[in-house]
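Undergrad: For reference, the chains in residue letters:
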Amino acid sequence: MEPRTPLLIVSPSPHLHAGLTTRGMMGAVLLALLPAAATSIYLFGLPALRVLLICVVGSVAMEALWQKVADQPITVRDGSAALTGLLVAFNLPASSPWWLSLLGAALAIVVGKQVFGGLGHNPFNPALVARIVLLISFPSAMTHWTAPQPGRFLADAISAATPLSESQSAVMLTGHLPQHIIGFSSRYLLGNMPGCLGEVSALALLLGALFLLWWGVISWHIPISYLGTVTLLSGAFWLIDPSRYPHPAFHLVSGGLMLGACYMATDLVTSPLTSRGMLLFGCGCGLFTVLIRLFGSYPEGVAFSILLMNAVTPLIDRYVVPRPFGMDRSRELA
Amino acid sequence: MIQPSFPGGTHPPGHKTATADARSEICPLPAELVIPLAQHVGAPALPCVTAGQWVARGQLVGRANGFVSVPVHASTSGLVTAVEPRPHPCGADLPAVVLQPDGADTWADEYQKQSFHVLSVEAMLERIREAGVVGMGGAAFPTHVKLDPPQGKVIDTVIVNAVECEPWLTADRRVLLEQTEKVLTGLEILQEISGADHAYIGLEDNQPDVARLLAPHCQKRGIGLAVLPTKYPQGAERQLIYAVTGRRVPARGLPMDVGVLVQNVGTIAALTDAVTRGRPLIERMVTISGPAVVRPQNLRVRIGTPVAHLLEHCGVTEEPAMVILGGPMMGSAQHTPAVPVVRGTSGVLAFRRQDLPTTTAGPCVRCGRCVNACPMNLQPTFIADFARRDELELAERFAARNCIECGSCSFICPANIPLVQSIRYAKGAILARRRRI
Chain L
0 MEPRTPLLIV SPSPHLHAGL TTRGMMGAVL LALLPAAATS IYLFGLPALR VLLICVVGSV
60 AMEALWQKVA DQPITVRDGS AALTGLLVAF NLPASSPWWL SLLGAALAIV VGKQVFGGLG
120 HNPFNPALVA RIVLLISFPS AMTHWTAPQP GRFLADAISA ATPLSESQSA VMLTGHLPQH
180 IIGFSSRYLL GNMPGCLGEV SALALLLGAL FLLWWGVISW HIPISYLGTV TLLSGAFWLI
240 DPSRYPHPAF HLVSGGLMLG ACYMATDLVT SPLTSRGMLL FGCGCGLFTV LIRLFGSYPE
300 GVAFSILLMN AVTPLIDRYV VPRPFGMDRS RELA
Chain H
0 MIQPSFPGGT HPPGHKTATA DARSEICPLP AELVIPLAQH VGAPALPCVT AGQWVARGQL
60 VGRANGFVSV PVHASTSGLV TAVEPRPHPC GADLPAVVLQ PDGADTWADE YQKQSFHVLS
120 VEAMLERIRE AGVVGMGGAA FPTHVKLDPP QGKVIDTVIV NAVECEPWLT ADRRVLLEQT
180 EKVLTGLEIL QEISGADHAY IGLEDNQPDV ARLLAPHCQK RGIGLAVLPT KYPQGAERQL
240 IYAVTGRRVP ARGLPMDVGV LVQNVGTIAA LTDAVTRGRP LIERMVTISG PAVVRPQNLR
300 VRIGTPVAHL LEHCGVTEEP AMVILGGPMM GSAQHTPAVP VVRGTSGVLA FRRQDLPTTT
360 AGPCVRCGRC VNACPMNLQP TFIADFARRD ELELAERFAA RNCIECGSCS FICPANIPLV
420 QSIRYAKGAI LARRRRI
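In order, the protein sequence lines correspond to chains L and H.
Numbering that gives the first Met the number 0 applies: residue 0 is where the first sequence begins, and numbers increase by one.
Numbering that gives the first Met the number 0 applies: residue 0 is where the second sequence begins, and numbers increase by one.
For the record, the hints were derived by calculation from the structure and aren't laboratory data.
Wrong hints could be hidden among the right ones.
[Stated by the list, open to error] Simulated DEER-style distance windows between Cβ atoms:
1. H/Arg388 - L/Thr173: 51 to 61 Å
2. H/Glu24 - L/Asp70: 58 to 68 Å
3. H/Asp389 - L/Arg243: 55 to 65 Å
4. H/Thr316 - L/Val9: 15 to 25 Å
5. H/Ala360 - L/Tyr297: 38 to 48 Å
6. H/Asp101 - L/Val9: 29 to 39 Å
7. H/Pro228 - L/Ile223: 41 to 51 Å
8. L/Asp70 - H/Val67: 49 to 59 Å
9. H/Gly314 - L/Ala63: 31 to 41 Å
10. L/Trp214 - H/Ala360: 20 to 30 Å
11. L/Arg76 - H/Asp204: 37 to 47 Å
Here the structure is a predicted model, which is why all the values come from computation and not from measurement.
We put the beta carbon where it would ideally sit given N, CA and C, even for glycine.
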């Protein structure tokens, strides 16, 4: 007898979906990062393009390889590996040798993400895990900066220092900031300064972040609380001694702050779930960033701060919970 | 004053234009009516007719069985061919009175139309119960129970729920536009019965024409017109009460605990018929729509009309892949078009295969969208996770039982995780365990 074909599909409600998928969100973030990627290529030329390609392709390949070996469904189509790769590239200097880029991609995917169970299960931002491991293991390669040479794609690299490291060593050696950092320069806003690929153009990063906010992929809570805390705190120190502590605007546009606040701290997986939790998270990131930048032994503290707050995220999610509608907080909830 | 807005919420596409502006039509009688004895919350009615018996339109075919139960009536005159289990919208086969219309549509004895002012509160309640009036927004809770609060509960505010926040549905809108006077009279009856001083009509701001129509009536009669932002689930009872009055119904309480009574537009129209004409609830407004329907429209449908008859009447583009009773957010998908329209059926929606979401669930990326969307301020991702691991105690501590099952979380989840589905399971399991203990 022919089996009866089912007449109608039965499934529990809801029978509609909003349409935005995980893949869509990852795609939106990749899109938002394009202006910054283009800027980095414009400033640093072919070496930047090479780092970008190795990291993105390396991450995707690494994830596929891992999942193949571990006999798991291959999920590189969700775009998260490509995004992680792009963010790893943004955390490397343009002068990075190929093996450093590839190692970064592998570290991010394997140590940062897959060992914890893949997408959604990693406690720390994978790209930042890679950055910190590389920074500690290969300090000279990771801090070998080259000066940007806008539009000159094939030019020979010229060594240079980032504004943050410049100011830190100046303060250490002479007790005060170099003259050109005391006065704020608009070239920093456009990114015309040495640094990692994604550290340079605050403006391009902001453009992408605005797109993500408008598209509803990220919320304002983390970027605003992060940048706000940095502004207030660094502003307070600047008021105390402007010859020793840089202007808050300098903090905002230099180093990895804009990238960190808009794209790394807002990583969905490793940041809190609730709006209030996000505000707390952003403030924590801001506090540690300023403390490390001004008093730490590293010139830049964004990566450490975000990882620190990643570690606190489960705690925040446990204690900062919304009060159920029509209930006193004291009842029932842990 | 800033209108308070409930937390969370989502914005599903409306899809209402196809049926919003056309007058409703009368649905022709089908060859066979299937009138379930269980069309309401509470004990099913007890059949009081047998196969082979002729019944008149409006004649009692099932007696109420207890206080939380309502009687069931014949939707037209005709021959009872069977009293037997038939496919029911809940998914099972349940006892129903099967009726073969004789085409004459002869009424049983009918009251003369009279003003409710001459009736006592008890008489009005009696008529509402006898007419089998239940909540027609979907929940189908017996109206006379809602109108008869226990001693000590004072109702000071009545709210007409004209917020039709489910996509596609426009049945309440049509009732409000076509039977305005009936609804307004019903509101007076409700105030008379409950003794409430304040009355409101709550509707969404995507219906400015209805608001314009109602404004002068409301002004004249001292009714508050609450035009609320279009946001799902604005029509959920607790959310509506909060938006209109600013009062929060306690999680384990009922609207009467904050002095509020909410009734759906269709229910109020039915209640007016019951009180002023003694007419039982045997017909209702139903939206027949969805991408697979050729002529989407609102029909006045006799209770017991099989869904297949409605789809045939309105035409389907191709064999539909899914048929939903109610809206797409909270309605239930039917396994057969043989199920009848019951008192709580606000819509019949038909979808083609290509209209249905096909993606499979991925891992949670902790985006927090479900938390932000939850109108009860819960954390769906956690509760659903506990539910999947059968950690019922944890699920309960995270207030799983507060979930109103609106589906906002699953709707919004980028990873397509069946959140409300898992929470629904947890709620059931928590209650089942409670009963065992």
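Undergrad: Hints first: check each against the structure and report whether it holds.
TA: A quick look at each hint next to the structure:
1. Checked against the given bound of 51 to 61 Å, the beta carbons of H/Arg388 and L/Thr173, roughly 60 Å apart, stay inside it.
2. The given range of 58 to 68 Å is respected by H/Glu24 and L/Asp70, whose C-beta atoms sit roughly 59 Å from each other.
3. For H/Asp389 and L/Arg243, the hinted distance range of 55 to 65 Å is satisfied, since their beta carbons lie about 59 Å from each other.
4. Checked against the hint of 15 to 25 Å, the C-beta distance between H/Thr316 and L/Val9 comes to roughly 20 Å, which is consistent with it.
5. At roughly 41 Å, the beta carbons of H/Ala360 and L/Tyr297 sit within the given window of 38 to 48 Å.
6. Distance hint check for H/Asp101 and L/Val9: the Cβ-Cβ separation is about 35 Å, which falls inside the suggested range of 29 to 39 Å.
7. At roughly 24 Å, the beta carbons of H/Pro228 and L/Ile223 sit outside the given window of 41 to 51 Å.
8. A C-beta distance of roughly 55 Å is found between L/Asp70 and H/Val67, which places it inside the suggested range of 49 to 59 Å.
9. The hinted window of 31 to 41 Å between H/Gly314 and L/Ala63 is violated, with their beta carbons roughly 48 Å apart.
10. Taking 20 to 30 Å as the suggested C-beta distance range, the pair L/Trp214 and H/Ala360 conforms, at roughly 23 Å.
11. At about 40 Å, the beta-carbon gap between L/Arg76 and H/Asp204 stays in the expected band of 37 to 47 Å.
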